[in-house]
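Asks: Here are the chains, one letter per residue:
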Amino acid sequence: MSLHKKTIAELAQGLKDKEFSSVEITQHYLDRIKQSDLNAFVTVTDELAMSQAQAADEKIAAGSANILTGIPYAHKDIFCTQGVKTSAGSKMLDNFISPYDATVSHQLNQADTVMLGKANMDEFAMGSSNENSFYGAVKNPWNADKIPGGSSGGSAAAVAGGLSCFATGTDTGGSIRQPASLCGITGLKPTYGRVSRYGMIAYASSLDQAGPMTKTAQDAAIVLNVMAGFDEKDSTSAEQAVPDYTANLNDSIKGLTIGLPKEFFSEGLDDSVATQVMNAVKEFEVMGATVKEISLPNSAYAIPTYYIVAPCECSSNLSRLDGVRYGYRCDNPKNLEDLYLRSRSEAFGAEVKRRIMIGAYALSAGYYDAYYLKAQKTRHLISEDFKKAFSEVDVIMGPVSPTTAFDLGSVKDPVSMYLADIYTLSANLAGLPGMSIPAGFSDKLPVGLQLIGNYWSESKLLNIAHQFQQQTDWHQQMPQEN
Amino acid sequence: MSLSEQQVTQIAYLARLSLSTTELQENTKDLNAILGLAEQLGAINTDDIEPMAHPLHMTQRLRADVVSEHDQSDLFQSIAPKTGNKHYLVPTVIE
Numbered sequence: 151m152s153l154h155k156k157t158i159a160e161l162a163q164g165l166k167d168k169e170f171s172s173v174e175i176t177q178h179y180l181d182r183i184k185q186s187d188l189n190a191f192v193t194v195t196d197e198l199a200m201s202q203a204q205a206a207d208e209k210i211a212a213g214s215a216n217i218l219t220g221i222p223y224a225h226k227d228i229f230c231t232q233g234v235k236t237s238a239g240s241k242m243l244d245n246f247i248s249p250y251d252a253t254v255s256h257q258l259n260q261a262d263t264v265m266l267g268k269a270n271m272d273e274f275a276m277g278s279s280n281e282n283s284f285y286g287a288v289k290n291p292w293n294a295d296k297i298p299g300g301s302s303g304g305s306a307a308a309v310a311g312g313l314s315c316f317a318t319g320t321d322t323g324g325s326i327r328q329p330a331s332l333c334g335i336t337g338l339k340p341t342y343g344r345v346s347r348y349g350m351i352a353y354a355s356s357l358d359q360a361g362p363m364t365k366t367a368q369d370a371a372i373v374l375n376v377m378a379g380f381d382e383k384d385s386t387s388a389e390q391a392v393p394d395y396t397a398n399l400n401d402s403i404k405g406l407t408i409g410l411p412k413e414f415f416s417e418g419l420d421d422s423v424a425t426q427v428m429n430a431v432k433e434f435e436v437m438g439a440t441v442k443e444i445s446l447p448n449s450a451y452a453i454p455t456y457y458i459v460a461p462c463e464c465s466s467n468l469s470r471l472d473g474v475r476y477g478y479r480c481d482n483p484k485n486l487e488d489l490y491l492r493s494r495s496e497a498f499g500a501e502v503k504r505r506i507m508i509g510a511y512a513l514s515a516g517y518y519d520a521y522y523l524k525a526q527k528t529r530h531l532i533s534e535d536f537k538k539a540f541s542e543v544d545v546i547m548g549p550v551s552p553t554t555a556f557d558l559g560s561v562k563d564p565v566s567m568y569l570a571d572i573y574t575l576s577a578n579l580a581g582l583p584g585m586s587i588p589a590g591f592s593d594k595l596p597v598g599l600q601l602i603g604n605y606w607s608e609s610k611l612l613n614i615a616h617q618f619q620q621q622t623d624w625h626q627q628m629p630q631e632n
Numbered sequence: 002m003s004l005s006e007q008q009v010t011q012i013a014y015l016a017r018l019s020l021s022t023t024e025l026q027e028n029t030k031d032l033n034a035i036l037g038l039a040e041q042l043g044a045i046n047t048d049d050i051e052p053m054a055h056p057l058h059m060t061q062r063l064r065a066d067v068v069s070e071h072d073q074s075d076l077f078q079s080i081a082p083k084t085g086n087k088h089y090l091v092p093t094v095i096e
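Chains B and Y, in that order, are what the protein sequence lines are. Here this note's numbering = 1-based position in the first sequence + 150. Here this note's numbering = 1-based position in the second sequence + 1.
Hints are supplied without guarantee of correctness; some may be wrong.
[To be verified] Taking lysine-lysine and the PhoX-like style, the derived pairs with C-alpha atoms no more than 25 Å apart in a straight line are: (1) B:LYS484 - B:LYS241; (2) B:LYS484 - Y:LYS83; (3) B:LYS184 - B:LYS296; (4) B:LYS610 - B:LYS432; (5) B:LYS235 - Y:LYS83; (6) B:LYS209 - B:LYS166; (7) B:LYS235 - Y:LYS87; (8) B:LYS442 - B:LYS538; (9) B:LYS594 - B:LYS156; (10) B:LYS484 - Y:LYS87; (11) B:LYS412 - B:LYS442; (12) B:LYS155 - B:LYS168; (13) B:LYS538 - B:LYS404; (14) B:LYS562 - Y:LYS30; (15) B:LYS241 - Y:LYS83.
What the hints contain is simulated information worked out from the structure, not anything from laboratory work. Model, not experiment: these values are computed from the prediction.
So that you can see chain B by itself, here it is in the shape it has in the complex:
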């Protein structure tokens, strides 16, 4: 059966036409997950999935289904799910059964979707390779010796490997776009504030944003329709109207002006990635778009800016994990200080500890101005660069990642790993929406094209991506199976 090759739109049509049931689709995915060795899931919720599938089939029979009714998905293990373990990829939360649902979990439940399980991820979303998970690294479905990208590596591998029809992800510095690129799927990071952060375990609160990871831009539009919207439970949620993201997918992109930032094509970019990206840009020219070179002069400072701002926010956010109210507690603490110190030291992984310490240092007396304040000012400059660029162009395009997926275990020092985020960080710092769409292959590994749009331009980005996917078939490629 090839149910796992179908998009949301195709499955919804088949369900409507009674070609198959949600129970059949769900069982098919659960069987595939069982046979898979990608390590894409922390928890498989098979019983819950089957009961949700049965309920969905009843709704379909009763004629009260929506387009997502009965569609199975993988939920990044950073979203709280009531009654289901929510680990954030950490030993710290290995015993955490969430007492409540994140808003995104609630929205997807309300849409009658089927949750297959919780997707593996880098611990607290800190990582670019999914090697920082307490539950072990995730493998890339295109080549099991390669990383899937991170931090939403389990989500990307699940969709690319045919283990779920779609997945949720979160993107603080590229964590939706980079794994989407390295696994050859479509990923959308919306404008900051577009999707509720309530119940989404916080890493860096001014940067974190959730979005869909799917097979196609059309599917991303369908899922974003459910995820987007104002939430009074999230004080950073934007009171911005939600359009129907599927409405403009078929608009012509003739006359579109594409900006190519020269800084995104300089030293460090793999030649074969550059070639695939430029081929994709040429395809847009054939479709009637014009291309213009632009400059984002401060984007070179995105890495140091991000790796100060994000750790500062994470050191504050993760201070709540102290072994007192929930999560891991060390055995036999001698006193309260020993409880704090050992619970945190025994339960956090190396990268999380590093970022907490960088943040604690950069926020400490005497260093605040030199690091945190300086980084916030640079962040402003990076954001201003985009403002200027969007006065000249409709969309910015470039690579997502400087290379294709690298070997598991091959990047050992943290600074080298951070360099993998060079092209994705700026959009988070500015709060702009970004996408990765499949744009070709290099040495049998997927290459993604990044689209960055102006604030609230998700409809436009999805339209551009959908039009590209009408002319190309990169997004339809799936890894060979043994």
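Knowing the structure of chain B, use the given hints to seat chain Y on it.
Replies: Frame of chain B; chain Y shown alone:
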């Protein structure tokens, strides 16, 4: 500037983390490398630039002062490491 192992121990303590000898050595090297990266920011002139704390320059939204949550302490405490009499229990602080 460069952080010494003694400074890293102090930073770890500020963050309520304790490091083994190996971890201390590794972290001293890594933290210095990361701060070295941050030194690049010194090259940019940020005089008169406003710090950006929020991507949308939003102000904190306020809500009416009404009760919106009901008491779920039993549920929340059911996942706590140690509780008693509706309290979270920790080792004795004051004898």
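Asks: Now tell me if each hint is right for this structure.
Replies: Against the structure, the hints:
no. : hint                : result
1   : B:LYS484 - B:LYS241 : holds, 21 Å
2   : B:LYS484 - Y:LYS83  : holds, 15 Å
3   : B:LYS184 - B:LYS296 : holds, 21 Å
4   : B:LYS610 - B:LYS432 : holds, 19 Å
5   : B:LYS235 - Y:LYS83  : holds, 19 Å
6   : B:LYS209 - B:LYS166 : holds, 11 Å
7   : B:LYS235 - Y:LYS87  : holds, 23 Å
8   : B:LYS442 - B:LYS538 : holds, 14 Å
9   : B:LYS594 - B:LYS156 : holds, 22 Å
10  : B:LYS484 - Y:LYS87  : holds, 23 Å
11  : B:LYS412 - B:LYS442 : holds, 10 Å
12  : B:LYS155 - B:LYS168 : holds, 18 Å
13  : B:LYS538 - B:LYS404 : holds, 23 Å
14  : B:LYS562 - Y:LYS30  : holds, 13 Å
15  : B:LYS241 - Y:LYS83  : holds, 18 Å
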